[in-house]
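*Asks:* All chains should be built: construct the whole structure from the sequences, respecting the hints.
As given, the protein sequences belong to chains A and B, one line each in that order. Numbered as in full-length UniProt numbering, the first sequence ends at 179 without a single skipped number. Numbered as in full-length UniProt numbering, the second sequence ends at 655 without a single skipped number.
Just so you know, the hints here were simulated from the structure itself, not pulled from any lab data. Heads up, a few of these hints could be off.
What the hints assert, rightly or not - Pairs of lysine to any residue, SDA-like flavour, derived with a Cα cap of 25 Å:
(1) B:Lys-225 with A:Leu-114
(2) A:Lys-37 with B:Trp-226
(3) A:Lys-81 with B:Asn-533
(4) B:Lys-375 with B:Asp-354
(5) A:Lys-37 with B:Thr-205
(6) A:Lys-18 with B:Lys-275
(7) B:Lys-41 with B:Ile-628
(8) B:Lys-41 with B:Asp-547
(9) B:Lys-380 with B:Thr-359
(10) B:Lys-275 with A:Val-60
(11) B:Lys-171 with B:Gln-331
(12) B:Lys-414 with B:Asp-587
(13) A:Lys-18 with B:Lys-41
(14) A:Lys-37 with B:Met-1
(15) B:Lys-474 with B:Pro-535
(16) A:Lys-81 with B:Arg-466
(17) A:Lys-37 with B:Leu-219
(18) A:Lys-81 with B:Lys-414
(19) B:Lys-275 with A:Leu-114
(20) B:Lys-225 with A:Val-60
(21) B:Lys-260 with B:Asp-323
(22) A:Lys-81 with B:Trp-274
(23) B:Lys-459 with B:Pro-471
(24) B:Lys-474 with B:Asn-533
(25) A:Lys-83 with B:Ser-148
(26) A:Lys-37 with B:Glu-215
(27) B:Lys-425 with B:Asn-249
(28) A:Lys-162 with A:Leu-175
(29) A:Lys-81 with B:Ile-149
(30) B:Lys-196 with B:Pro-118
(31) A:Lys-83 with B:Glu-156
(32) B:Lys-302 with A:Asp-57
(33) B:Lys-455 with B:Lys-484
(34) A:Lys-37 with B:Pro-535
(35) A:Lys-81 with B:Lys-196
(36) B:Lys-548 with B:Arg-572
(37) A:Lys-18 with B:Asn-249
(38) B:Lys-275 with A:Glu-58
(39) B:Lys-414 with B:Trp-44
(40) B:Lys-41 with B:Pro-588
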Amino acid sequence: MGEKVKKIVRTIRVDLDKCNGCRGCEMACSAYHATPKYSAMNPARSRIRVVMDQFNDEYVPIRATDYAKAGCDGRRVYTIKGKQYSECSFCGTICPTREMFFDPDSGLPLQCDLCGDEKEPMCVQFCPQGCLTFEEVEVEEEEKEEVKMDEMEIGMRALLDKFGAQKIADTFNRLSQKG
Amino acid sequence: MRYAETGYNLEVDLSTGNIERVETDPKLMETHLGGQGVNAKIIWDRVKPDTKPFSEDNLLIFGAGLLHATPVVGCNRTSVNTINPMTGIFGHSCMGGHFGPELKYAGYDRIIIRGRAPKLVYLYIHNERVEIRDASHLAGKGPGETTSIIREELNEPFAQVACIGLAGENKVFTASVEHGYSSASRGPGPIMGDKKLKAIAVRGTKDVNIAHPQELFELCLRMKKWINDSNGCGDWMAVDEDDSFHHNNFAWGYSRTRIKNYWSEELQDRWTHWKYDNMDRQAGCYNCPKGCINVISWPGTKRFGYKCYGKDTYHMAAFKELDYTYGMLGQCLDWGVDSYSTPQAISLGIELYDNGILTDQDVPNFPTDPGDRVKYLLEKIVHREGIGDILANGSWWASRMIPGAESFEHNTVKKMEQLPIKLGKLNPAYYIMIATGEKMAITQIEGSFPQDPIKDPVKRKEFVDRWDAAPYQKFKDMFMNWEKRDQISIEDTCALVDWNEAMHYVDDSTGLCGFVSSFRGQFGGQVAYSFNNVPQIIHLATGMDIDKEGLWEICRRNRDLVRCINNRLGMRRVDDDPPKDHWAVRDPELEEKLLDAYYSFRGWTKDAIPTKEELHRVGLDYVADELIQLGILDPNEGTPEQEAAKAAEQKSGGC
Numbered sequence: 001m002g003e004k005v006k007k008i009v010r011t012i013r014v015d016l017d018k019c020n021g022c023r024g025c026e027m028a029c030s031a032y033h034a035t036p037k038y039s040a041m042n043p044a045r046s047r048i049r050v051v052m053d054q055f056n057d058e059y060v061p062i063r064a065t066d067y068a069k070a071g072c073d074g075r076r077v078y079t080i081k082g083k084q085y086s087e088c089s090f091c092g093t094i095c096p097t098r099e100m101f102f103d104p105d106s107g108l109p110l111q112c113d114l115c116g117d118e119k120e121p122m123c124v125q126f127c128p129q130g131c132l133t134f135e136e137v138e139v140e141e142e143e144k145e146e147v148k149m150d151e152m153e154i155g156m157r158a159l160l161d162k163f164g165a166q167k168i169a170d171t172f173n174r175l176s177q178k179g
Numbered sequence: 001m002r003y004a005e006t007g008y009n010l011e012v013d014l015s016t017g018n019i020e021r022v023e024t025d026p027k028l029m030e031t032h033l034g035g036q037g038v039n040a041k042i043i044w045d046r047v048k049p050d051t052k053p054f055s056e057d058n059l060l061i062f063g064a065g066l067l068h069a070t071p072v073v074g075c076n077r078t079s080v081n082t083i084n085p086m087t088g089i090f091g092h093s094c095m096g097g098h099f100g101p102e103l104k105y106a107g108y109d110r111i112i113i114r115g116r117a118p119k120l121v122y123l124y125i126h127n128e129r130v131e132i133r134d135a136s137h138l139a140g141k142g143p144g145e146t147t148s149i150i151r152e153e154l155n156e157p158f159a160q161v162a163c164i165g166l167a168g169e170n171k172v173f174t175a176s177v178e179h180g181y182s183s184a185s186r187g188p189g190p191i192m193g194d195k196k197l198k199a200i201a202v203r204g205t206k207d208v209n210i211a212h213p214q215e216l217f218e219l220c221l222r223m224k225k226w227i228n229d230s231n232g233c234g235d236w237m238a239v240d241e242d243d244s245f246h247h248n249n250f251a252w253g254y255s256r257t258r259i260k261n262y263w264s265e266e267l268q269d270r271w272t273h274w275k276y277d278n279m280d281r282q283a284g285c286y287n288c289p290k291g292c293i294n295v296i297s298w299p300g301t302k303r304f305g306y307k308c309y310g311k312d313t314y315h316m317a318a319f320k321e322l323d324y325t326y327g328m329l330g331q332c333l334d335w336g337v338d339s340y341s342t343p344q345a346i347s348l349g350i351e352l353y354d355n356g357i358l359t360d361q362d363v364p365n366f367p368t369d370p371g372d373r374v375k376y377l378l379e380k381i382v383h384r385e386g387i388g389d390i391l392a393n394g395s396w397w398a399s400r401m402i403p404g405a406e407s408f409e410h411n412t413v414k415k416m417e418q419l420p421i422k423l424g425k426l427n428p429a430y431y432i433m434i435a436t437g438e439k440m441a442i443t444q445i446e447g448s449f450p451q452d453p454i455k456d457p458v459k460r461k462e463f464v465d466r467w468d469a470a471p472y473q474k475f476k477d478m479f480m481n482w483e484k485r486d487q488i489s490i491e492d493t494c495a496l497v498d499w500n501e502a503m504h505y506v507d508d509s510t511g512l513c514g515f516v517s518s519f520r521g522q523f524g525g526q527v528a529y530s531f532n533n534v535p536q537i538i539h540l541a542t543g544m545d546i547d548k549e550g551l552w553e554i555c556r557r558n559r560d561l562v563r564c565i566n567n568r569l570g571m572r573r574v575d576d577d578p579p580k581d582h583w584a585v586r587d588p589e590l591e592e593k594l595l596d597a598y599y600s601f602r603g604w605t606k607d608a609i610p611t612k613e614e615l616h617r618v619g620l621d622y623v624a625d626e627l628i629q630l631g632i633l634d635p636n637e638g639t640p641e642q643e644a645a646k647a648a649e650q651k652s653g654g655c
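*Replies:* Rendered as structure tokens:
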């Protein structure tokens, strides 16, 4: 059993009632993560997506959280205001069940990094409506060795899952030799 | 690399099924910006004057604004242009929502549609993949169902859908294109129906590039907060429950009856409860923090969204209260009819029945209650059934098609219904805007210069001191010296009309919404966008060098071009004519002077056609050449002022 330690957890709180469906969060996220920064807009590259159906008053910003190589076995169905939603409708996991949170060009996963070097994530800054708020909460939890994957590692993970280690190694060697 | 724009148009011929992705001329951005500006240029070039609106050769263009899909806040209105079957001239139409930005993310600045599909189809766009697909299963369906069926069958939950309802399919002239709770009225609905195009679904996953990314993004971040916090932006009618203005001042029924003391506290309280007890949300459009769209779930109807004056027109036509309109709007949205024109066509029908022009034969089992009558006629119109087939063409056409009805029609300009405003004394600026405007709704023309002077000189000064949107000192001086509404020089009147109009031409071409820009400044002066900051924003987004004067010049060019399209379609001075009873007291001599002065100011001839000199000045020589060749424009004719000077010179004999 690990020892209990205090930790700061950074997160984004979502108040669905305050979302007006402007999707400024998507735009801002894609701009922030563009290279050079802010040079291109493309909500399809955003790590936050507003799952939206105006005719059913559905406005749910979802943030890309963890990468999973397989879809989960969630089969439950929820009914909200008469409309049925599958369990994965509002899930933040980056998984092959949905197109969401994969870079449209490379197909690699896009994970929310809370815009590390910003005082607040860009989606929160672009949401003066107050639907998204940034929070740093102190929690007490068991200490465990956690390996936090960075962006490239998540991408490599996805490639390994897709093509297998041998193919990746061969390709890497071939491309490296070309210089 | 192209910045802000994608550099490609999507050309779709529904007759042949041909689809092409065509690279555009980068120069068009410098001359017309984008949106309606470029759409107008395409319509001038490709829709010949003998083209009937319901013809395969008429184009229907969905144009994204130049600044769509950039970080610019409140920039989301898509221009949808065609030749409007009701007016027979260039149809000015636009809608909010998410359509234009998504189109750009798919890699297109606009969709140009010609032809007519052999059966009902819809267009599916996912980046380079474009398909014309069968829509027979969508026939008669409303926007809610159409959108969800299309998203599901394409497995495209993020696709943006614009579509027509039953009214559009039946080519009802007052039908609109529906997109979420936004809509494009004044022409495109019936044209989409004629082309048998039920819907367009767009999904884009491509980048839109910015010329000066850091500066633009930081500016927009500040502006998003500022617009969110500002009372000077957005639709105040979405949150101000005191709507005495429309109810006490606008005319009820068939735009004839004013009820000056209609509004009361008791009524406001009751209506406020109806609204907030049934409201789901105040929703917004792409990248705008404002919640201008009231989304209501009213018992017994489909959920609907409305903004602005849209909640008033049905109950004011039927002499009912807000609950009546709330009971109607879900169905109206589902059918896809414009709530601006349609109630007027309906109330004309009721008036014709009350006056014996229409009989029980024309309207069998016509109810006695006015509310039931409005519903009865609406249903006939949407289905184009019986008398509805005539009223579906709008009040101008209906009054010319029903024997004995012409003298009853009283509220149109250029064959299209106007706001039901009936006032006392003529207001010079409004005379010019209503007469000469060809956008067919005063809200698309007025908006930067306040409607009324501020009586208290201290408050007036305060207003002017904070008035950052005023593009030149002369407008501040004009306002400081303005005491009485109708007392303002003709010269100043022309200048303020020009500013009002120009700002709308900025919005139409960039995609900005009037509620953060052109329309909103007149109420409080604290608006987000003006000639003082838009040039810099365009520069940061596109890289193009442009200043205030340069932007104004583009607006002038776009304004002239729309006028020339309409001149080529037959429009002249005689059509620049407000409803006869818009003001009780008219002044024909002054009105002629105002028109002459405005045409001179614009560089137009006495017959309201831009002169050769004016067209040369704005770089539209090719337009002048064609108008001269067609015998429409006399190359030697100047403006009324120039002609008067010539005449005076001849009289004095010269040397």
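*Asks:* Does each hint fit the structure? Answer for all of them.
*Replies:* Hint check:
1. B:Lys-225 with A:Leu-114: holds (20 Å)
2. A:Lys-37 with B:Trp-226: Satisfied, since the Cα-Cα distance of roughly 23 Å is no more than 25 Å.
3. A:Lys-81 with B:Asn-533: With Cα atoms ~44 Å apart, Lys-81 (chain A) and Asn-533 (chain B) exceed 25 Å; violated.
4. B:Lys-375 with B:Asp-354: With Cα atoms ~16 Å apart, Lys-375 (chain B) and Asp-354 (chain B) stay inside 25 Å; holds.
5. A:Lys-37 with B:Thr-205: It holds: about 18 Å lies between the C-alpha atoms, which stays within 25 Å.
6. A:Lys-18 with B:Lys-275: With a Cα-Cα distance of about 18 Å, the restraint between Lys-18 (chain A) and Lys-275 (chain B) holds, given a limit of 25 Å.
7. B:Lys-41 with B:Ile-628: This hinted pair holds, its Cα atoms lying about 18 Å apart.
8. B:Lys-41 with B:Asp-547: holds (22 Å)
9. B:Lys-380 with B:Thr-359: holds (15 Å)
10. B:Lys-275 with A:Val-60: holds (24 Å)
11. B:Lys-171 with B:Gln-331: holds (17 Å)
12. B:Lys-414 with B:Asp-587: It holds: about 21 Å lies between the C-alpha atoms, which stays within 25 Å.
13. A:Lys-18 with B:Lys-41: Measuring from Cα to Cα gives roughly 41 Å; hence the hint is violated.
14. A:Lys-37 with B:Met-1: holds (17 Å)
15. B:Lys-474 with B:Pro-535: Since the Cα atoms of Lys-474 (chain B) and Pro-535 (chain B) sit roughly 20 Å apart, the hinted pair holds (cutoff 25 Å).
16. A:Lys-81 with B:Arg-466: The given pair, whose Cα atoms are some 46 Å apart, is violated under the 25 Å limit.
17. A:Lys-37 with B:Leu-219: Between Lys-37 (chain A) and Leu-219 (chain B) the Cα gap is close to 14 Å, so the pair holds against 25 Å.
18. A:Lys-81 with B:Lys-414: This hinted pair is violated, its Cα atoms lying about 45 Å apart.
19. B:Lys-275 with A:Leu-114: violated (38 Å)
20. B:Lys-225 with A:Val-60: Given pair Lys-225 (chain B), Val-60 (chain A) holds - Cα atoms ~21 Å apart, limit 25 Å.
21. B:Lys-260 with B:Asp-323: holds (21 Å)
22. A:Lys-81 with B:Trp-274: holds (20 Å)
23. B:Lys-459 with B:Pro-471: Answer holds: Lys-459 (chain B) to Pro-471 (chain B) is near 20 Å, not above 25 Å.
24. B:Lys-474 with B:Asn-533: Holds, at about 18 Å.
25. A:Lys-83 with B:Ser-148: holds (12 Å)
26. A:Lys-37 with B:Glu-215: Distance ~11 Å between Lys-37 (chain A) and Glu-215 (chain B) Cα, so the pair holds.
27. B:Lys-425 with B:Asn-249: holds (14 Å)
28. A:Lys-162 with A:Leu-175: holds (18 Å)
29. A:Lys-81 with B:Ile-149: holds (18 Å)
30. B:Lys-196 with B:Pro-118: holds (7 Å)
31. A:Lys-83 with B:Glu-156: Status holds; Cα separation ~18 Å.
32. B:Lys-302 with A:Asp-57: holds (12 Å)
33. B:Lys-455 with B:Lys-484: Since the Cα atoms of Lys-455 (chain B) and Lys-484 (chain B) sit roughly 8 Å apart, the hinted pair holds (cutoff 25 Å).
34. A:Lys-37 with B:Pro-535: holds (23 Å)
35. A:Lys-81 with B:Lys-196: At roughly 34 Å apart (the allowed maximum being 25 Å), Lys-196 (chain B) and Lys-81 (chain A) break the hint.
36. B:Lys-548 with B:Arg-572: violated (31 Å)
37. A:Lys-18 with B:Asn-249: violated (34 Å)
38. B:Lys-275 with A:Glu-58: At roughly 19 Å apart (the allowed maximum being 25 Å), Glu-58 (chain A) and Lys-275 (chain B) satisfy the hint.
39. B:Lys-414 with B:Trp-44: holds (20 Å)
40. B:Lys-41 with B:Pro-588: Distance ~35 Å between Lys-41 (chain B) and Pro-588 (chain B) Cα, so the pair is violated.
When the structure is compared with the earlier hints, violations turn up for hints 3, 13, 16, 18, 19, 35, 36, 37, 40 and for no others.
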